[in-house]
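Novice: Generate coordinates for the entire structure from the input sequences, incorporating the hints supplied.
Spelled out from the first residue to the last, the chains are:
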Amino acid sequence: MNERNDKTASIEDEAFAARAKERFDQSVRGLDGQTQSRLNRGRHAALAELQPRQGPWLQWAPAAGVAAAAVVAVVILNGRAPVDELTPLPTANDFEILLNEESFEMLEELEFYSWMDLEAELDDDLDGNGNVG
Amino acid sequence: MSVVASEIAVSCTREQITGTTELHKEQELNRFLAEIEKRALRIAEISIRDRDEALDLVQEAMIKLVRNYADRPEAEWTPLFYRILQNGARDWHRRQIVRNRVMVWFRRSKGENEDYDPVASAPDPAGRTPEENLQSAEAMESLELAVAALPRRQREAFMLRTFEGLDVAGTAVAMGCSEGSVKTHYSRAVHSLRKTLGEHWQ
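Chains as they are written, first to last, in numbering that gives the first Met the number 0: chain A, 0 to 132; chain B, 0 to 201.
It is worth saying that the hints were derived from the structure and are not from the lab. Not one of these hints is a red herring.
List time: in silico DSBU-like cross-link candidates among lysine-lysine, alpha-carbon distance up to 35 Å:
| # | chain 1 | residue 1 | chain 2 | residue 2 |
| --- | --- | --- | --- | --- |
| 1 | B | 182 | A | 20 |
| 2 | B | 182 | B | 194 |
| 3 | B | 182 | B | 63 |
| 4 | B | 63 | A | 20 |
| 5 | A | 6 | B | 182 |
| 6 | A | 6 | B | 194 |
| 7 | A | 20 | B | 37 |
| 8 | B | 24 | B | 63 |
Reference excerpt, derived from the structure (chain A facing chain B, CB under 8 Å, subset only):
| # | residue |
| --- | --- |
| 9 | 16 |
| 10 | 18 |
| 11 | 19 |
| 12 | 20 |
| 13 | 22 |
| 14 | 26 |
| 15 | 27 |
| 16 | 41 |
| 17 | 44 |
| 18 | 45 |
| 19 | 48 |
| 20 | 49 |
Built from N, CA and C at the ideal position, the CB exists for glycine as well.
Specialist: Here it is as structure tokens:
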């Protein structure tokens with residue numbers, strides 16, 4: 000008698016569960032487009048978790064790129080006019096000499112100044128030998 | 000030359016395999032989540048009676064599943080997902096209890112009439128009785144209210160077994176209890192619902 004009651008209750012429970020499931024599935028199918036869209040966005044946000052994350056050092060990548068570009072620019076600009084460390088840089092005095100009017104006169108009378116140099120050397124040689132006064 | 004070339008080839012092949020595996024995993028997870036998300040939303044909504052909050056809970060559960068359990072076998076995803084979701088719903092209820100306590104404390108300083116909601120208190124315009132309501136197209140709403148009124152463990156067992164279709168073992172994993180407890184909670188839930196909704200509920 001008890002067994003029959005239990006069996007009947009079990010069948011009724013199953014029938015009730017089946018009806019409940021049917022109602023539930025209907026409500027799932029009736030979800031509006033906006034809700035489905037939000038679920039879709041949520042799913043894609045979750046799947047984005049699979050993508051490898053940027054390391055903290057990568058946050059400095061833009062700044063490092065700018066710094067590297069600046070270094071390269073400096074190197075290139077310096078490379079255009081290589082400076083010989085043994086050659087002294089021109090000073091203000093050098094420019095004064097070059098721009099002096101006398102300098103131009105010296106260039107015009109270059110042969111005269113060459114003769115004077117030659118004479119001076121000859122005098123030195125004679126003095127060094129002690130032969131002449 | 001040949002050694003270097005073969006090493007490069009092996010390295011490329013490994014990368015391709017890794018990429019293919021990850022793509023395959025992503026596709027599997029996408030399919031799994033797309034298949035489960037609507038039912039999960041309705042289950043969460045029935046539990047906390049708020050769609051926006053339910054959407055947040057479902058998204059949170061999806062993120063946690065992908066972040067922590069993507070490498071687990073696919074057969075484990077469903078109970079794990081619902082375990083995360085149930086924990087989220089439980090935390091939500093706890094927060095609500097605290098919030099309600101605070102709100103009750105503030106309401107004491109207000110007049111009693113401010114709690115009166117004329118819309119909620121208005122009679123049903125269709126003039127239906129509760130018995131007629133059970134037989135109407137709003138049967139699901141009645142079921143939802145009855146399920147929401149169940150004790151938490153009974154509610155979880157009923158929704159996971161009936162709505163999601165998990166077996167006893169899967170439900171036990173999702174609820175974090177023994178299979179015997181699942182059977183007990185489920186049986187009590189069904190009896191309680193049948194009693195609440197009546198024999199003529201369709």
